[in-house]
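Just need the whole structure built from these sequences, with the hints factored in.
In order, the protein sequences belong to chains U and W. With the numbering used here, the residue at position 64 of the first sequence is 64, and numbering never jumps. Just add 1000 to the spot in the second sequence (first one is 1) and you have the numbering used here.
No wet-lab data here; the hints were simulated from the structure. Source: prediction; values computed, not measured.
In silico contact screen, one side only, chain W against chain U (beta carbon under 10 angstroms); selected entries:
#	residue
1	P1076
2	I1082
3	N1085
4	T1138
5	I1200
6	S1211
7	G1220
8	V1333
9	G1334
10	G1336
11	E1337
12	P1339
No residue lacks a Cβ here, since even glycine has one placed at the ideal position from N, Cα and C.
Read off the chains here:
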Amino acid sequence: MSRGRSTLSVFAAVGIVLLVVLGCTAPPTPTRTPTPVPTGTPALPASPTPAPTLKPGETPKPTSTPTSVPTWPSGPRPTATPGGPTPTATPTPSFRPATPTPTPGGTRTPLGSPTPAPPPIVTDSNGNTVTFLKAPRRIVALDSAAVEILYAIGAGDRLVGTHDFASYPPEVSDVPKVGDSFNLNVEKVAELEPDLLYTMFDMQNPQLEALGIPVLYLKSPTTVEAIPERIRMWGRITGEVEAAEGLAGMMEASFAELEERLASVERGPRVFHDLGDFWTTGPDTFQGDMYRLLKAENIAYDVSGWAQFSAEVLVERDPEVVIATFGAATVYGDNPALAGLSAVKNDRVYSLDVDLTTLISVEGPRIVHGLEELARLLYPELFP
Amino acid sequence: MGILTWRRDAGAPGGEAAVRTVAFAYPWRRLVVGALVVVLVGLLAAGVGSVRIPPVALGKILASRLPWVNIDASWPASWDTILWNIRLPRVVLAGLVGLALAVSGATYQGLFRNPLADPYLIGVAAGAGLGATVVLVTPALHFVSGVNMLPIAAFLGALLAVTAAYGVARRGGGLPLTTLILAGVAVAAMASAVTSLLMIRSNPDVRPLLSWLLGGFGRGQWRDVLVVLPYIVLGFLLMMAYGRTLNLLQLEEEEAKQLGVNVERAKLLLIVVASLTTAAAVSVSGLIGFVGLIAPHAVRLLWGYDYRSLLPMSAVIGAGFLILADLVARTAVGSGELPVGIVTAFCGAPFFLYLLRRSRRM
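Listed below in structure tokens is the structure:
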């Protein structure tokens, strides 16, 4: 462990020098590391070995959720990782805003910062880099996936606000609600004094930044594989690197296992994903990507994003399975035009209840179970 | 408030027609030709789509449905489903709805003597929108013991809104039309506010709702055709019967009374009939803008102001236009669909502007 500490201090020293040099020599440029840190590689040289209870090869039991890994729920966590939060209140800025132009007076340096490692840097969806000089302690997350990830890596106690529709884990019901991404109660947000606001839409970001609220804007991921990366990112931001790595590794292992179980499948069923009134999702969406992973053939292969699918094309492409989200399935028993669909004839129109609809829609740790449920519906013979 | 009133000068063609009711020849030829064109447009729309059905196959598939014809099916089974269960119902439905909206629009314009009047003027659209929204944001209400509640809720919402506006506006034995418009606008504003509130507070996918509000025939079935057919046919015939009265109502109410019109009864009947017809149309199609406003004006610009020919020609133009608009809506974007309300406004507005421009030169 002492060797780890010395490595860390070397890193910290390099980081500080780098930042000072950058800050003094190039005032108009934001701090950019030579190679922008992709969200995948941990920026901290901390040990990437997962917590002992999280064996990567182990698949989660169907009944247990990944969020019930030992890191969660917990009281005030010890600062296990170097990037972890320290309770000392320092006047140091904890965050470098995601603006390409630096604040007057040059780039701030983490000289007084208690974190002795190069700060995590995240590139947001506008291409700006966001540097975390200090792990955020008061997070407002306007995204269910981020909420679930924070709880799952043991940082749920830092959540001071979330959107109105957050419902999982149950603890989130005690977290103050601040509207949603489209109808944000900015006053309420300001009152919560967050040191990080996470959002998937950037409409109100200028307003929030003007109020001095640090914003991290990342669009929702459109691939399943991006979720473990998001979890690792949250690990680096919050300092819960080990827990995040454990969870991410477990998810990746479960994806790999799913792939293995589907290895014998040559051609998956033709599937139609119905969000109601024939609204469906193309392959470039998150749901579309789930079907790719599950080797099912999304009949809306030529749809980009979301679209209302034509009933004629639905009949023409004849889905073998219909996955209908909450409330969308009733039309299949009602419309004579759909009576000839293979899915209808073979009784394979699956209506997801509210919980299952959420489970396959939130791009968080529970997607492992969402995928499993979908696999069960698509391949009843392989997943009894 | 800037509500335009709109009267014929004695010299204008409509004014003449309104007073001089002697030399009116019913435009049979124009009507028959128009109806034939609508049928042809309907057949074209039935053949064109994401799957193109050639005319011969189209004829065979249609003929094979006749009880005494026996044709071996030489076409894919999916064609039969697509044509018979998807395309034809929506073509017929688009025609009926276009007819209903255009005739109701013409009636409202005549009744309120207001060129800006459309069938949604006194709250039908907002009420129907609210009814549909309530159902769509509570999936438990969508199907009650197997019955699709959406059209029913939209229909009831429309009637409720109009009734509220009517109840507020009615004074003693009379019904001041300006008050009715204002009451309708206020009721519509309230209903729209509640609709928006429900949309914004509903979690989280409002796309189906939005596409309903913009109108479309994607869920159209023969059953819907059968449900709305009596309302629309009956409403159409009743409004047609009041063509001459509508002409006279273009005069001041006092003058119309002296010419033998029971003005109050005509107003009441026309409002009830036009609202019912519109509500029936809206319940199966959602809120399709523009048709009810523009079709009657196009007819006026092309063929004059006499309501006895204006009403049937509006029906023809409205039906044909909406069938074509629906054709565009379902073929414009690959395997997806557009809300037809977008198409009616986007394609209809330039055509109407052209007509306006042309008529000014005349």
